[in-house]
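Novice: Using the sequences provided together with the hints, build the complete structure.
Here is what each chain is made of, one letter per residue.
Protein chains: 2
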Amino acid sequence: MIDEFALQCPIPLADNPTVQMGHGGGGRMTRDLVEKIFLPVFGNELLAPLHDGAILPAPGGRLAFTTDSFVVRPLFFRGGDVGTLAVNGTVNDLAMCGARPLYLSAGFLLEEGLPIKDLWRVVRSMAGAAAAVGVRIVTGDTKVVEKGHGDGVFINTSGVGVIETPLTIGPGSVRPGDAILLNGDIGRHGIAVMAEREGLTFESEISSDCAPLYAPVKTLLDAGVEVHCLRDLTRGGLTSALVEISESARLPMRVDEGSVAVREEVRGACEILGLEPFSVANEGRFVAFVPAREAERARGLLGPEAAVIGGVESAGPGPPLVRVRTELGTSRLLDLPSGEQLPRIC
Amino acid sequence: MIDEFALQCPIPLADNPTVQMGHGGGGRMTRDLVEKIFLPVFGNELLAPLHDGAILPAPGGRLAFTTDSFVVRPLFFRGGDVGTLAVNGTVNDLAMCGARPLYLSAGFLLEEGLPIKDLWRVVRSMAGAAAAVGVRIVTGDTKVVEKGHGDGVFINTSGVGVIETPLTIGPGSVRPGDAILLNGDIGRHGIAVMAEREGLTFESEISSDCAPLYAPVKTLLDAGVEVHCLRDLTRGGLTSALVEISESARLPMRVDEGSVAVREEVRGACEILGLEPFSVANEGRFVAFVPAREAERARGLLGPEAAVIGGVESAGPGPPLVRVRTELGTSRLLDLPSGEQLPRIC
Chain L
0 MIDEFALQCP IPLADNPTVQ MGHGGGGRMT RDLVEKIFLP VFGNELLAPL
50 HDGAILPAPG GRLAFTTDSF VVRPLFFRGG DVGTLAVNGT VNDLAMCGAR
100 PLYLSAGFLL EEGLPIKDLW RVVRSMAGAA AAVGVRIVTG DTKVVEKGHG
150 DGVFINTSGV GVIETPLTIG PGSVRPGDAI LLNGDIGRHG IAVMAEREGL
200 TFESEISSDC APLYAPVKTL LDAGVEVHCL RDLTRGGLTS ALVEISESAR
250 LPMRVDEGSV AVREEVRGAC EILGLEPFSV ANEGRFVAFV PAREAERARG
300 LLGPEAAVIG GVESAGPGPP LVRVRTELGT SRLLDLPSGE QLPRIC
Chain P
0 MIDEFALQCP IPLADNPTVQ MGHGGGGRMT RDLVEKIFLP VFGNELLAPL
50 HDGAILPAPG GRLAFTTDSF VVRPLFFRGG DVGTLAVNGT VNDLAMCGAR
100 PLYLSAGFLL EEGLPIKDLW RVVRSMAGAA AAVGVRIVTG DTKVVEKGHG
150 DGVFINTSGV GVIETPLTIG PGSVRPGDAI LLNGDIGRHG IAVMAEREGL
200 TFESEISSDC APLYAPVKTL LDAGVEVHCL RDLTRGGLTS ALVEISESAR
250 LPMRVDEGSV AVREEVRGAC EILGLEPFSV ANEGRFVAFV PAREAERARG
300 LLGPEAAVIG GVESAGPGPP LVRVRTELGT SRLLDLPSGE QLPRIC
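In order, the protein sequences belong to chains L and P. Taking numbering that gives the first Met the number 0, the leading residue of the first sequence gets 0, the next gets one more, and so forth. Taking numbering that gives the first Met the number 0, the leading residue of the second sequence gets 0, the next gets one more, and so forth.
Hints listed in this document are in silico derivations from the structure and should not be mistaken for laboratory results. It is possible that some hints are incorrect.
Unchecked claim - Derived SDA-like pairs: lysine to any residue, alpha-carbon spacing no greater than 25 Å straight-line:
no.	chain 1	residue 1	chain 2	residue 2
1	L	Lys35	P	Glu246
2	L	Lys146	P	Lys217
3	L	Lys217	P	Pro58
4	L	Lys35	P	Leu55
5	P	Lys217	L	Pro56
6	P	Lys35	P	Pro16
7	L	Lys217	P	Leu55
8	P	Lys146	L	Leu45
9	P	Lys146	L	Ala194
10	L	Lys146	L	Met20
11	L	Lys35	P	Pro342
12	L	Lys116	L	Gly78
13	P	Lys217	L	Leu45
Specialist: Here it is as structure tokens:
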């Protein structure tokens, strides 16, 4: 198989080059990596000065600021890689604040011995994902740790966005009676990574749902939907998102299990792996809380895969609970998993 | 010895708790860590909502945005630890843009098995360093990797600051004739970390110079000094800073070696370790480029340890070089070290 990333890599591959400790030393080798790998791929006039930080024009509005580190294993999986995750994950966290993503930082933590062509491939993925959503990588840092003290590539991306809506989007704005919308089927990202890691094959291949979420958020905001809260379903999946918002807002919720789409192959894989689809990580799924009167319009704006999956109830005497009405007509409570179902998933 | 950090740690230490994979899973254990360790220590109203990102008031000026990952080994050393480094390093990168540091993110990459009391100690150091400079940690992320795929604690901090000066501070503003100022003696940080790592003892103990640099920068700006460029001397030390600025500005420089303070014990340690003091990392030292007519006034503002160490010359026909006049009257050229003199120093 021809490795297209190896062919295009701007550092000659004759010697099968790998990351060396010196690439993190701040000397000529670091400079080389920056000039040959990062600058040509991320290139923009804000990054180009290579100063200690990027100097940005005043965006003139409230800002959103977020950070995320990505330690997914393996680095490459069906539907994405650590680079697409690193851009979309942080873009999505900004979108969940109702912000238009503007600028990203990229902090690389490389393990000595990483093939340079893998780094090149990851960097290319990041540039592609950034271009797709119109965000610029304006500042960065590279560190190298000895073989056996890292794991290929860890990437931290932090992001700055501008909030152009007058709404305050967050758990504090959730109200009793709000409808809960979900933008598509759940569980594919976690299962895709797990399948790659464990060498599992399923009857139909499962691809990560990794995707940027600013466009659907913008659609809701541009249409004037009174969005109360947004949350992407990453680690801990739908379960963590709903339980956390319920606890923050101090309001109980109900979810109709039958309205939450889970593909057959994902459901099957979850059964084999002993996982609960509600708690598996996604990278392109989010919930939106909107007033009930706006629910149908919002659902239409989010497209044919979106669904109203439940609603927010009035506070009762006890702690706020998230109750799921199962397809059998019984009911169960959602709770945060104690530990981790699937480690190193993002 | 009583371990004060262990005594104060809000997670009971009876069982000698360590970081588990589940602390990175986004479930109850993650929540516990955030609520018991991070929130009480970093606590501020911008971080408290624990949403996907922080929502910040519009600062109303150009912004500076920077990122840095910290992988220092060992985590604790004379004069600082990975936490103080992680705050001061990013605060200093903002200061070098002429920006007032406002907000930091904190991305923790923890190795399974890390004693919780070490994390607590690092987090406390970060909070102390942040308070000292008036910056707030407003958003964060925690990931855990399996034992043997990390090294205790890696921290990424990204920072946002506001540029209140009308000056454009950076390599592009350096002019022939500019004086180069240095704010104190060099080489202590790298040697302090190295000594701790290698178990070396020197006659007099060498402490890291780790310190925030916004105050001296503000002093220069408030006094109306026409600052052209600022650069802190981290990886690669004075050598990398001057060579990089010289290359970016396309202007040669001269440095008077005798004007660069190096403590006797640092000089001695460098001789033993085969290191060049000019290339050893610092964490509280920076160079400032100002017009020659302002040099003496700027030096006075930076205090008794500051010195004018050289100047910028006019561009000649060849590539820009940084020439050092030695104390013996000879001359040598500075060049970026090819690889890394001292790995894992920041």
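Novice: Compare the distance between the alpha carbons of Lys35 of chain P and Pro16 of chain P with 25 Å, and conclude whether the hinted pair is satisfied.
Specialist: 13 Å, holds
Novice: Next pair to validate is Lys217 of chain L with Pro58 of chain P; report whether the Cα-Cα distance is within 25 Å.
Specialist: 24 Å, holds
Novice: Against the 25 Å threshold, does the CA-CA distance of Lys146 of chain L and Lys217 of chain P hold or violate the hint?
Specialist: Status violated; Cα separation ~41 Å.
Novice: Holds or violated: Lys217 of chain P with Pro56 of chain L, Cα cutoff 25 Å?
Specialist: 21 Å, holds
Novice: Measure nothing beyond the straight line between the CA atoms of Lys146 of chain P and Ala194 of chain L; if it is 25 Å or shorter, mark the hint as holding.
Specialist: At roughly 22 Å apart (the allowed maximum being 25 Å), Ala194 of chain L and Lys146 of chain P satisfy the hint.
Novice: Do the alpha carbons of Lys116 of chain L and Gly78 of chain L lie within 25 Å of each other, as the hint requires?
Specialist: Status holds; Cα separation ~19 Å.
Novice: Taken at face value, is the distance from the CA of Glu246 of chain P to the CA of Lys35 of chain L at most 25 Å?
Specialist: 16 Å, holds
Novice: Are Lys146 of chain L and Met20 of chain L close enough, with their CA atoms no more than 25 Å apart?
Specialist: Answer holds: Lys146 of chain L to Met20 of chain L is near 9 Å, not above 25 Å.
Novice: What's the verdict on Lys217 of chain L and Leu55 of chain P, does the C-alpha distance respect the 25 Å limit or exceed it?
Specialist: Cα-Cα ~20 Å, so holds.
Novice: Could you grab the alpha-carbon distance between Lys35 of chain L and Pro342 of chain P and see if it respects the 25 Å cut-off?
Specialist: This hinted pair holds, its Cα atoms lying about 22 Å apart.
Novice: Would you mind confirming whether the straight-line C-alpha gap from Lys146 of chain P to Leu45 of chain L stays at or under 25 Å?
Specialist: 38 Å, violated
Novice: For the pair supplied as a hint, Lys217 of chain P and Leu45 of chain L, confirm whether the alpha-carbon distance does not exceed 25 Å.
Specialist: 24 Å, holds
Checked against the numbered hints listed earlier, the structure breaks hints 2, 4 and 8; every other hint is satisfied.
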